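Given the structure of chain G, go ahead and fit chain U with the ligands onto it with the hints provided.
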Amino acid sequence: MQISMTINGTDITEEIEPRVLLVHFIRDQLRLTGTHWGCDTSNCGTCVVLMDGRPVKSCTVLAAMADGHSITTVEGLATGATLDPVQQGFMEEHGLQCGFCTPGMMLTARALLDHNPHPDDGEIREAISGQMCRCTGYATIVRSVQWAAAHPAGQDRMDEMEENAGEEVTA
Amino acid sequence: MTIIEERAANPAAGDENRPIGYGRIQRKEDPRFVRGKGHYVDDIVLPGMLHGAILRSPVAHARLVSIDTSAALAHPGVVAVITGQDLLGLKLAWAPTLSADVQAVLATDKVRFQGQEVAFVIAEDRYAARDALELIEVDYDVLPPVIDVRTALDPGAPVIRDDLEGRTDNHIFDWEAGNSAETDAVFASADVVVSQEVVYPRVHPAPMETCGAVADFEPIEGALTLYETSQAPHAHRTLFAIVSGIPEHKIRIVSPDIGGGFGNKVGIYPGYILAVVGSIVTGRPVKWMEDRSENLMSTSFARDYIMQGEIAATKDGKILAVRSTVLADHGAFNATAQPTKYPAGFFHIFTGSYDLQAAHCKVTGVYTNKAPGGVAYACSFRVTEAVYLVERLVDMLAHKLEMDPAKLRLMNLIKPEQFPYKNKTGWEYDSGNYEQALRKSMEMAGYDDLRREQQEKRARGELMGIGISFFTETVGAGPRKHMDIVGLGMADGAELRIHPTGKAVVRISVQSQGQGHETTFAQIVAEEIGIPPEDIDVVHGDTDQTPFGLGTYGSRSTPVSGAAVALVARKVREKAKFIAAAMLEARPEDLEWEKGRWFVKGDPSVGKTMAEIAMGAHGTVTLPEGIDGNLDAEVTYDPPNLTFPFGAYICVVDVDPGTGHVTVRRFIAVDDCGTRINPMIIEGQVHGGLTDGVGMALMQFIEFDKEGNNLGGTFMDYLIPTALEVPDWETGFTVTPSPHHPIGAKGIGESATVGSPPAIVNAVVDALAPFGITHMDMPCTPARVWEAMQGRPRPPI
Ligand code: FES
Ligand code: FES
Numbered sequence: 023m024q025i026s027m028t029i030n031g032t033d034i035t036e037e038i039e040p041r042v043l044l045v046h047f048i049r050d051q052l053r054l055t056g057t058h059w060g061c062d063t064s065n066c067g068t069c070v071v072l073m074d075g076r077p078v079k080s081c082t083v084l085a086a087m088a089d090g091h092s093i094t095t096v097e098g099l100a101t102g103a104t105l106d107p108v109q110q111g112f113m114e115e116h117g118l119q120c121g122f123c124t125p126g127m128m129l130t131a132r133a134l135l136d137h138n139p140h141p142d143d144g145e146i147r148e149a150i151s152g153q154m155c156r157c158t159g160y161a162t163i164v165r166s167v168q169w170a171a172a173h174p175a176g177q178d179r180m181d182e183m184e185e186n187a188g189e190e191v192t193a
Numbered sequence: 094m095t096i097i098e099e100r101a102a103n104p105a106a107g108d109e110n111r112p113i114g115y116g117r118i119q120r121k122e123d124p125r126f127v128r129g130k131g132h133y134v135d136d137i138v139l140p141g142m143l144h145g146a147i148l149r150s151p152v153a154h155a156r157l158v159s160i161d162t163s164a165a166l167a168h169p170g171v172v173a174v175i176t177g178q179d180l181l182g183l184k185l186a187w188a189p190t191l192s193a194d195v196q197a198v199l200a201t202d203k204v205r206f207q208g209q210e211v212a213f214v215i216a217e218d219r220y221a222a223r224d225a226l227e228l229i230e231v232d233y234d235v236l237p238p239v240i241d242v243r244t245a246l247d248p249g250a251p252v253i254r255d256d257l258e259g260r261t262d263n264h265i266f267d268w269e270a271g272n273s274a275e276t277d278a279v280f281a282s283a284d285v286v287v288s289q290e291v292v293y294p295r296v297h298p299a300p301m302e303t304c305g306a307v308a309d310f311e312p313i314e315g316a317l318t319l320y321e322t323s324q325a326p327h328a329h330r331t332l333f334a335i336v337s338g339i340p341e342h343k344i345r346i347v348s349p350d351i352g353g354g355f356g357n358k359v360g361i362y363p364g365y366i367l368a369v370v371g372s373i374v375t376g377r378p379v380k381w382m383e384d385r386s387e388n389l390m391s392t393s394f395a396r397d398y399i400m401q402g403e404i405a406a407t408k409d410g411k412i413l414a415v416r417s418t419v420l421a422d423h424g425a426f427n428a429t430a431q432p433t434k435y436p437a438g439f440f441h442i443f444t445g446s447y448d449l450q451a452a453h454c455k456v457t458g459v460y461t462n463k464a465p466g467g468v469a470y471a472c473s474f475r476v477t478e479a480v481y482l483v484e485r486l487v488d489m490l491a492h493k494l495e496m497d498p499a500k501l502r503l504m505n506l507i508k509p510e511q512f513p514y515k516n517k518t519g520w521e522y523d524s525g526n527y528e529q530a531l532r533k534s535m536e537m538a539g540y541d542d543l544r545r546e547q548q549e550k551r552a553r554g555e556l557m558g559i560g561i562s563f564f565t566e567t568v569g570a571g572p573r574k575h576m577d578i579v580g581l582g583m584a585d586g587a588e589l590r591i592h593p594t595g596k597a598v599v600r601i602s603v604q605s606q607g608q609g610h611e612t613t614f615a616q617i618v619a620e621e622i623g624i625p626p627e628d629i630d631v632v633h634g635d636t637d638q639t640p641f642g643l644g645t646y647g648s649r650s651t652p653v654s655g656a657a658v659a660l661v662a663r664k665v666r667e668k669a670k671f672i673a674a675a676m677l678e679a680r681p682e683d684l685e686w687e688k689g690r691w692f693v694k695g696d697p698s699v700g701k702t703m704a705e706i707a708m709g710a711h712g713t714v715t716l717p718e719g720i721d722g723n724l725d726a727e728v729t730y731d732p733p734n735l736t737f738p739f740g741a742y743i744c745v746v747d748v749d750p751g752t753g754h755v756t757v758r759r760f761i762a763v764d765d766c767g768t769r770i771n772p773m774i775i776e777g778q779v780h781g782g783l784t785d786g787v788g789m790a791l792m793q794f795i796e797f798d799k800e801g802n803n804l805g806g807t808f809m810d811y812l813i814p815t816a817l818e819v820p821d822w823e824t825g826f827t828v829t830p831s832p833h834h835p836i837g838a839k840g841i842g843e844s845a846t847v848g849s850p851p852a853i854v855n856a857v858v859d860a861l862a863p864f865g866i867t868h869m870d871m872p873c874t875p876a877r878v879w880e881a882m883q884g885r886p887r888p889p890i
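Chains G and U supply the protein sequences, listed in that same order.
Taking my numbering, I'd label the letters of the first sequence as residues 23 to 193.
Taking my numbering, I'd label the letters of the second sequence as residues 94 to 890.
Bound-form chain U, shown alone:
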């Protein structure tokens, strides 16, 4: 039975030991959620609001011959039906993507994936809108689709994007990092080389709340309010201004409570734009909420990387180099969300956590007749794929050298004294103590005992596997000088006001989809200025109320906005010193800070608390030259570097020899995210990511048949782990603060999603070693494992 630890119930409970600042406190947002009083997009009802529904293409590739909407328009309750032709007239048929491509809002010439948006019905209620979809007649002239990504670049392959001038093939980009000649030279002289094709199949983030919007256009003012499931309200506002021509100051984006994001709510989907168009056209607010199938079939997928990987080493196990060529399936429109200069995201951190002599990777992106997207699902801009590749290769190398995989890693990890460590593809890892984390996880797991147990079981014909992964993430994007999204630098603003009575409000640019920002950011302010977190309101998710910033994804909230909040609090603290000095008739340099209070050095009894100073600032105290009468500040934080959280994970699986069913028996996760603000929230983030890992490694897969039918379009086909598929997680931590971050925090949101799949697959492959298996691709479903056991492992795509 779970042991329940007794602790302080509530931050408001006035417990003596309650931390002011960092520590485990209950979340400030929870009381509304447990009462069912969260405020999600679909909960919004505006006076006169209409409901929109999207007609989607049933086929993957076809020319659009004709659309007849007359019967739908005549259906009771239907107010309008919008097609691509209507949007052409408004110059809104195509919208720019986050990767400088364009995407059809509603199809005009062709449909390019199953589920693509074809028409938009607006009706008085959601049932009428859905009914009318059935009445729209579309004539499709079906074309051969490109589904197998390996054939996308074949001469004679159907050209998907003939809408783009001069386009004669399906090639999007080639991108490389590292030094290919140097790497080839190291490979040529290495004792041992292991090569493997490693596939990271297409998956979908599938947050429990699907995507949706309520658009409210006010024609007299020309003002748009858009309630949206958005992880990046400010970036969305700028893009909406560009797309719609509505001036940016007339657009307000509100991202209320969001039912999980995981990257799914970064992109701007046609549905959002259609709700806006619908509101402009009808003069009434329009709600659009996608259903689950629409979510799984049309919004951002993730991964879909076919990676040829190679690792070179000496015969004693010194890893020398890695290289990889990747074929990346970007679907029908290049709509991935990543910094402009990085079309493959941060995949070039595939050098992992090891001290190498050389590395090189080349990524080729192509179009296929599948849904667009690509960078989503807690992937830290493709670090997921990178870590999975290198951790698989290291395990295969261990197998080839007949070395224990833990020992091989311990031999090759970057050493603490090597930080800051410059890797061979251009990253500067800020800090780390890798060996300590790996040893800690081995200790928690009882690694040697597990290996002994495995041997005994093998002797009895039982299949037990132990898998390790060690990962380094690169998050907190990012420095403006080389990171932007569609031209917007990846810096974040923060504003802090201390009210006269010493209560505070901090306004942040990032937005929470469950990460607990209202608590964590209050704790950061609390730690810096000594006001308890319950006295600090965190405002987020509304562009009218918060400073500009790029949003929540890529584990960037704490690394970027967390830094902004710490710095703005320090600014206020510094200002408070001058005001306190005036109040105490002392010189500022004679004051000393203790949490919550400035006092006279050498005479601690003479001082002023933040509340007293706030009252002073707004009161009648004569303020020094240059200090205005408030206790407010604002900053914009441009990170000098990314942050590099890391971790060591160990997974123990049992495989049923009769059915191929994999059970994750234990999972040990040791994470280092630098300074820890709220350990409870950190643990929660890790648990969620580990569950994603089980999903991806064992269950989740968006598969297509050769016609391009999406076979993972419902929760009956796209399998999500429930409480029965995951173990009771065992978590631990080490703390290596980031040297360049104001509070040393590194971010934790995606670590476990990145780090866990390789640990699980390594464990499955380890369990299957008696069958001579050295690699199998995800998902390790019973059928696929069973096939592998019969000597026929096959790639999923």
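Next comes chain G alone, as it looks inside the complex:
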């Protein structure tokens, strides 16, 4: 079947097998591998993307169900060379170690801050409670989101950061 959606701001139309999960569509067909996969039971949240601005577990959504919707993956968080404050917050406050849960955590954080720019720690914990991290123990993730809340406009140091990354942002 054919589906159309907006992915990170770009309209796409693709041919898919009807049973394909959104996570596999994003990873295997669109080759946006920043969205991860970590369980069979919709528990881990490493697959979280934003659908029309709200976090969804893309392992629990058929690609067909995303037809006509707007999807944001981690590759769409930065604007060109400018990181989203959430991305910078995670680097500032050591909100990641292995980086596997990180894309999902950051997208949930972005959605939270869009609806609630000044969450308290409990609200942040609640927001990410459907997602697991085995490395960080969560406190630094909470701090990272607070950093982003305290620096909503992003930072001036993006040029250096981009240099440091040594990678093109393709989304």
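Hint data in this document are derived by calculation from the structure and do not stem from the laboratory.
Hints are supplied without guarantee of correctness; some may be wrong.
What the hints assert, rightly or not - A few chain G residues facing chain U, derived, Cβ under 10 Å:
id: 1; residue: T68
id: 2; residue: M87
id: 3; residue: D89
id: 4; residue: G90
id: 5; residue: T95
id: 6; residue: F122
id: 7; residue: T124
Claimed, not checked - Not close to chain U: a few residues of chain G, all C-beta gaps over 12 Å, as computed:
id: 8; residue: Q24
id: 9; residue: E37
id: 10; residue: R41
id: 11; residue: G60
id: 12; residue: T63
id: 13; residue: V96
id: 14; residue: L105
id: 15; residue: E114
id: 16; residue: G144
id: 17; residue: E148
id: 18; residue: I150
Since the structure is predicted, the reported quantities are computational estimates derived from the model, not experimental observations.
Even glycine gets a Cβ: it sits at the ideal position worked out from N, Cα and C.
Quick look at chain U with the ligands alone, frame taken from chain G:
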């Protein structure tokens, strides 16, 4: 609300106060991860790549009667189906384990645990491969399983490993440490003895990324490239060479970004081997990624120790001796990963942090019809079990003597002047200041106030508990003369090159699964030679690009490879002196070092920076005799001893009297890992381990029913702490550098996983004291706590 501290944003930002060397800097690896540009195994797509899926046994113990793969083979998209019989022909049906046993790659005669590998389907895409699994017909002749480990050695118990010549029972090994006669004598004359069976149930590391591989065999060259979720790429390469017969120089193992390891990615799993076989058979690259249930049911579990523990003391609370007998469930194949001479890992550090007169332990390992593994999950080779046992026993002793558990520990801790301290089971603790760490944690916790609060609450019928644990770890394995894994000595290599413009690359043998090696190791080089960390690339995880070494586990990266990196940098610094002397027309002995520069003693204005020296080395300067034209060096570091990080943890819990639900309200962790390289990374490692502790103490448990069905095979059943189950951690530190390590560092990766479970369980038991409870086993789930409150505490297995 969390207070956000303002600090320099980025190592590249050129902040004046940014440390060159040790200190808090942002991680060099983060920019790719926050952009979703990490490079994990499942992200790899090679031209023509096929997908593999494994058919697994639904039963724990059965004879394999027949397998019919014809319908699967006929399924659209399926390229090949491999069974154990096919592997027999290739002599690959069985593979050696890390414990000198063998493990079935695909079952040939019997299946021996639920989830065991039975057939491998290779197809054009992952959906087709999964579909075809359903079409394979297997006829099993079900046998009675051995599930209750306590019955594994009963006469008449079903013999699990009848594949091994002459095997008539399920016994694997007996292993002892310490002196049993001496220990018994001390126990016989002691005023007080406390005995308890303490169970450390089976858990699983469950990193967020499961295990997987992409194998790419190139038939003309006979060369194999294997992308793998491996914590130990070099050791894996050697083992693959031995197993497959592919010469070692034709094998390249690449362990790219790894989504957490915690010990889960030390072993070599059948899936990795099957991907390789699949690539050889089909002539195309083959990817195999396990799903979460496969991960929880078939790859390395951890713990599963039933420990009979005893502690002896005088009536005033002087601890005299400990002894223990342990029944260790190793599952169906003995595939634990630990140094060869230590079948129970380093369990014999169960003497803990106390000055004892005697100790003895005996560990018996047995087979059961459960998944193999055993040493995994940030356990520092069974130090987890050891620390949990002794810290439970000390708490029980305090209870019996009606002494405060902190006071009892303070009385018995090894004193600073006793180091190096030789314990009664053969360890030499390198350094420590235990009392200082415990007092610091008590101060941070406000210990006396907490006890007062507890009394008030008890009077009101509220259940509050305070738990302490003091742990000593033994990590950084290890000295080659007595530590190897399947014959490979546990030393690590490092290579450092300074390019002509003064930028550097350091190649290390250990591999990161999130520990931040690209940052920490750059900082070690930076500290030694004064080049900023952002100018130093750290290369790891690729056997073609890095020197040999045994990998990342047992908290060994900083103790072993960190030492190698410091020494290789010192070698370069020393060489730089001779080159600088030639450039300055001075004598080498007249030069003095300051970070990043050699200068003439007494005339600091005359000197050469590392960048200038590097250009000199590669340029036209006339070099002294014996100095070749580069600024490179390599070393292999053989540690003289292990390192002994330690810490004092205090946990405060509230237990709901109505439901038995435990809330960890506060957790105070004071760690001493010796010299601290990047405090931010250290804190992160501690936080992660504490969360593991909450998981193990309160939630995580791989349980089996009596048929051997794994009841913890999904994240709906195997409960992992989320942000709601853990508090905002309170961390502190002391610094007691290791005297034998080049930079005094001791390792931190596993301290908190080792140290936190006893603190939490001690707190739960303390909260339940009004019910007369002196011990309960993990996991302290609401149901189990509630049962304990009704006077029916029961072991989990
Ligand atoms: S992959 Fe685990 S919730 Fe989606
Ligand atoms: S950073 Fe590794 S799982 Fe969260």
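The hints, checked one at a time:
1. T68: For G/T68, the interface hint holds, since the closest Cβ of chain U sits about 6 Å away, which is under 10 Å.
2. M87: Where the cut-off is 10 Å and the nearest Cβ of chain U is about 17 Å from G/M87, the hint is violated.
3. D89: violated (19 Å)
4. G90: At about 24 Å, which exceeds the 10 Å cut-off, the nearest Cβ of chain U leaves the hint on G/G90 violated.
5. T95: It holds, given that the least Cβ distance between G/T95 and chain U is near 7 Å, below 10 Å.
6. F122: holds (3 Å)
7. T124: holds (6 Å)
8. Q24: Its Cβ never comes within 12 Å of chain U, the nearest being 18 Å, so this holds.
9. E37: holds (14 Å)
10. R41: violated (7 Å)
11. G60: G/G60 not clear of chain U: closest Cβ-Cβ about 5 Å, inside 12 Å.
12. T63: Non-interface label on G/T63 violated, nearest chain U Cβ at 5 Å vs cutoff 12 Å.
13. V96: violated (3 Å)
14. L105: violated (7 Å)
15. E114: With a cut-off of 12 Å, G/E114 comes too close to chain U, as the shortest Cβ separation is near 7 Å.
16. G144: Since the minimum Cβ distance to chain U is about 9 Å, G/G144 lies within 12 Å and the statement is violated.
17. E148: violated (7 Å)
18. I150: Nearest chain U Cβ is 5 Å from G/I150, so the label is violated.
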